[in-house]
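Participant: Join the two chains into one complex using the hints; note that each chain is given alone, in its own frame.
Residue numbers (my numbering), protein chains in the order written: chain A, 8 to 255; chain B, 157 to 385.
The reader is advised that the hints may include incorrect statements.
[Stated by the list, open to error] Taking beta-carbon pairs under 10 Å as the criterion, some of the chain B residues facing chain A (in silico):
{"#": "1", "residue": "Gly286"}
{"#": "2", "residue": "Gln291"}
{"#": "3", "residue": "Arg295"}
[Stated by the list, open to error] Where chain B lies over chain A, by a calculated footprint (3+ residues, C-beta under 8 Å):
{"#": "4", "stretch": "99-109"}
{"#": "5", "stretch": "114-127"}
Derived by calculation from the structure, the hints in this document are not laboratory data.
Each residue gets a CB set at the ideal place from its N, CA and C atoms; glycine is no exception.
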Amino acid sequence: MLEIVGLRKSFDGAPILREVDLSIRQGDVLAVLGPSGGGKTTLLRCMNYLERADAGTMIFQGRKMDMPAMTRREIADYRRHTAFVFQNFNLFSNKTALQNVTEGLIVARKMARSEAEKRGMEALERVGLADRRDAYPSQLSGGQQQRVAIARAVAGSPDVIFFDEPTSALDPELIGGVLDVIQALAEDGMTMVVVTHEVNFARRVSDRVLFMENGAALVCQDTAAFFGEQNLERIQTFLRSLERKDDK
Amino acid sequence: MALSERLVDILVTSFPRILGQGILVTIPLTVISFVLALIIAVICAMIQIADIRGLKQLVRFYIWIIRGTPLLVQLYLVYFGLPDLGIMLPAFPCAVAVFALNEGAYCAETVRASIEAVPRGQMEAGYCVGMSYVQIMARIVLPQAFRTAFPPLSNSLISMVKDTSLAANITVMEMFMETQRVAGRTYEHLALYSEVAVIYLLFCTVITWLQRMGERRLNAMNGGDVIHA
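The shape of chain B in the complex, shown without the other chains (with noise of 0.2 Å):
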């Protein structure tokens, strides 16, 4: 297949055009559904790791559902399904909702996960000097926690973007769907949607590398690699 004049106008004529719906619709659907997620995430670790009983079966109850079934199917449920109750959200409102929701209880086991790997001596010794749970969970506990969740958490930032492109399933006007549109007009599969991967492939790229830089803060804040001796 030659790259004919043809391609290559189609090519830079829909560049801009995709990454725009990028920056406009997957950006902002990534950022707040995960800021939304990690504050999801982090209520349900703390209800289970301080054992509120009730709160914490709901919470267990909650990871069950989302982590047993497919992200797409959750997408189709609340925007096609829910109207059936007479619930009726805009589409990005309730791309985000989903996005939160599944990411939240992903999250919630690594944030989980994340503060049991404190050392109980962590806490033993903030009671010692006369702190409150609180106060620990707050100054010592959770800081150390983020940072062994950090690299996992990035991981979760990753897929998510890339997710959001099954947001086009439930009309959301994203890169995946401006693509499609493209592809359907010019029929120029293969080009088109080498070109949307790129740009898929150049925002994890930059979010890679915030994660290197992000822990490597991290590791100047704890003194080092070796977090414990």
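One chain only, chain A, in its complex shape (with noise of 0.2 Å):
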């Protein structure tokens, strides 16, 4: 359903992806791993247009996009498909619980208020958040804040979440909660791409895995293949190195 072909981007000339190519099926779940600065972020935000590529191309359901051409109304369209969960959350500070649900739904898509309301009540229960409906995101905790975030993403009925460490801002004890989420998500299949550091969660909840190493894609492939034995001994390496962090 989205394929991308030879995203490139760099910042200030320092190139931080070079001619990364990947394809998502529909209902799949992408977890993209890697180390530190490999540029899985910065794919993630181009996929959403957060960063302009410098080029590339996109197939999104059908339709090819040049990426670096994209107009602002082509953007608009293609995100009202698409939803993005950030690693900070970033909830509408000056809106309740609910209000961050629905904002979108009534401001952007038009949607009349009690039926945004009712979507976006469906959303908070989704994330065993209908309680705190009423509450601002001061009042709640980070695990809380990235659930309801989680909400605002499912309540536009996207084709495709991405999200970006959705569990790295987060305090150990609250990071189940999330990914409990997100695992509920999956198995309900929604097609995501999850940049994360939870090898554990992406063994577990996708079904491919691209790896991401100084801004290219090292490999693309389904998850049971990555995990195994048999794989490329640079991955091999850093699934040991993260073991290793796990034993501390």
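Facilitator: Here's what the structure looks like:
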């Protein structure tokens, strides 16, 4: 459903992404793994046009798009079919949990308030926070904020959700709740791209893994193959380095 | 100095006259000028944030001129100077124009800084739920910026209440000029200027009190003092 060919991006002459290709099938969860500074977050931000790619072609639902040449209107149209979950949640701090979820529906999609609130409450129920509908972001824990952010993403019925390290800013005891919500979405067949450092989560939930290093996609393969003993030496060392961190 | 009967009499009879000019002139002058100043400030801030070429340079130039010259000089320039070019304004509108333009330049910087203090992620999150730049500005960024700008803007308002006394120089019959008149007639300078000082203090105390109430309300609308986790 979503395919990218030849994505390139540099900041001030320093290449961050060099020729990245990837494809996602309907209903798949693609985990993006790799060491810090490898270009994972930039890749995801380019995929939702928060960063403008220098080169690259995107094929989304059969429509071919030249990524650097997208107009503002085309980007807005594309974004109505996608959703983005940020590392730092980025909930609207002057809006309650429910308003955060309904804001885009009412303002951008021109949905009637009653219909938007019905959908908003369904989304909050899905992440287990219906009872906190009137709480402001500053009154919620990090984990709760991220779950509201996921509800906001889900409420627009996107074709694909992008997650940018959704648990990296959370205290360890709050990570599980957020991962459970993402896993439940995966089980419901939501198409997702998840940049993460949670290797066990990726192994359990994702269908495919994209391994990024130095701005390039080293491999993009089925999860079982990625975690298999026969895989590239580089990937095995990467996974071992994470295990060592876990032992501490 | 004993509080003679004569002095008490002067203070008591002058009080309603001075306060009256305060209510009839000082307060309207302040309120009208400040509202206009806020409109100027938001427009100037938006032009700078949105980086509109040409207009942005114009705004920088305006702020540079206003902040680099004394308010009293600006008042004289417009009231006594512009008639040389055939532009003649009555004293009150002239004072409103100068105070609005002057305060507008200072408030523009306050508003701009407050908008820039709203985290970038708020804008990005708005884009990602499909909102347009204008929608995000109006519904997400400006309300948050207003909370940040509120205390410094209250400061500016308090300054302006007192700065309106300068309008006496261009014949606006406000509180201070009324006081000068009574003082000139009675020679009770210490008592009368103390009296008008107390009235200014009273006005500013009310504003300080309104500011506190306003901040409390704005905080409640943002779910407490902590704006960002």
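Participant: Identify every previously stated hint that the structure contradicts and give their numbers, smallest first.
Facilitator: none
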